[in-house]
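So the sequences go chain by chain: A and B.
If you want our numbering, it's the position in the first sequence, counting the first as 1, plus 21.
If you want our numbering, it's the position in the second sequence, counting the first as 1, plus 1198.
Hints were generated in silico from the structure; no laboratory data involved.
Just so you know, even glycine gets a beta-carbon here, dropped at the ideal spot from N, CA and C.
Misleading hints may appear alongside valid ones.
Here's a subset of chain A near chain B, in silico, CB distances under 10 Å, partners left out [to be verified]: (1) P110; (2) D114; (3) K115; (4) F118; (5) D146; (6) I149; (7) M346; (8) V352.
SDA-like mimics (lysine to any residue), calculated; alpha carbons at most 25 Å apart, straight line [what the hints assert, rightly or not]: (9) A/K175 <-> B/V1314; (10) A/K351 <-> B/S1272; (11) A/K175 <-> B/F1311; (12) A/K175 <-> B/V1392.
The residues making up each chain are set out below.
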Amino acid sequence: MRNFVDQLVNNYEFLETFPRPLLYLIAMVAASAIILGFIAILVMFFVWLERKVAGHMQDRYGPMEVGRHGWLQSIADGIKLFLKEDIIPALADKPLFVIAPIIVFVGAFSAFVVVPFSENLIVADLNIGIFYILAVSSLTVIGIIMAGWSSNNKWALYGAMRSAAQIISYEIPVGIALLAAVLPAGSLSMRDIVLAQSGGFWNWFIFRNPPFGFVACIIYFVAALAEVNRTPFDIPEAESELVAGYHTEYSGMRFAFFFLAEYANMFLVGTIVTTLFLGGWEFPIFPSAFAFLNPIIFVLKGIALVFVMMWLRWTLPRLRVDQLMYVSWKVLLPFAFACLFGVSAWMLLLHSA
Amino acid sequence: MSQKNERILSYLLKSIKYPGKQQITSCLSRRDTSVKKYASFKHEEKDLTAFLIFSTLAILGALLTVTARNPIYSVLFLAMTFLQISGLYALLQAEFIAIVQIAVYAGAIMVLFLFVVMFLDVKEIATEKNFHPIAPVCLILALVLLGEFLVFIFYKPSREGGLSETVTAVGQIYGTAENIGRTLFSQYLLPFEVASILLLMAIVGAVVLAKR
């Protein structure tokens, strides 16, 4: 970001009259605003897409009224949520109730700072990028617990408890499965990881170190589904048991924050899988010829993975709490360790050869 | 900033050492420089602002942790303090530790604390005018701790480079994930492996208990 501003100042003389720190600040705020706006628009598209996918899978159309095939439905919903009355339950813990959705929202959106949309289209290329995402997204669970507890509602509290248990358990297979991509790349920076996979789809980490790269990718995807509370792991907000889980008492704009954060998290999982295992911004064949398409390809890969999540949601039934723990600790975790071991063994073999 | 505050600040800067201290003090003395000179903006002056923000919020969070009457609030303020401290680590160029601080303390341990506190269903503690009989002992212990910190900050060891100087020097070299890994797997291999076996035992123990 700083280099970009310096370049800009070199090219346009009149910018030198402004103090440099101010320019850096403006550039940072502008970059964050662009990311925020872009993700928010994408999230509205996902909300519409989810309803369409659900509809077609159940042999109906989904939203059709607002705009052609209901494409303006999300905007209508957004206006509705804006105008709704903001209700805070009388016995709720007011400060926590108000802050909780914001923490969840911030946790979901601030992770996008290190997502590389193309080689240079990245807000901050931290040298611990992927680790930063893990840390920031682990903060959302605090927001969820705050929401559940402050609502003063037993369904909300149950939802928050389940969510906390689930997120903490699934963080472990997530972290270990990620290492299967970090090891061959030799870096935690998102950009370096993508660069290490350049040159066609056979170089992607999902196909490297067979079959461990592939298994690690599946493990990460499944565990990440659980981390973002999606079906079949949506027990924290299971409608048929808990009304709506931790956001039962929320309405209007505050509910919209939770909603946006959920879909933003889905896209975040999609982008992480894309970055770590599916070659990031690269076109599968002859990547250098399609370099101008890079950001579009990256977003398309992310959207495709989000579609897979929706597909799973309308296909699979929900897991029970004990099954959920079984999957995490007895299936995903041992396989994740095996992948880590296998990838290291492959790398050792190939390096010594 | 008034003249007096500036003097206090520069005195503090003389006694506390952290990255870019020289640059900050020089920046302070050159406060009246023109806008043109601002173009050669020093990275370190931003560090000072960030340092003051982080440390103020950390102290505030710690105070609120002990004064909050609702235990849930205490835990949340503690989480806030941890976040600020991770910011301080980032300023010391120890990015890895900063992120570990968030992921482990704020993300995992605080969540377990919250879990326990919520299950206990602790009510708000009524205001108590009388101090607990143990209060004087606590006061003495706190004063001893404060004294120790002051010695650390102001004491100048005879050998080259005081405590805080070595801290920054080490931080600049070892802060990154790569260097931490290198050090752990070469210089501190044995203690590192012993610690990991200990943790592995704890994990196996938890699984065995859960299987019953």
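Which earlier hints can't be squared with this structure? 1, 3, 4, 5, 8, 10, 12
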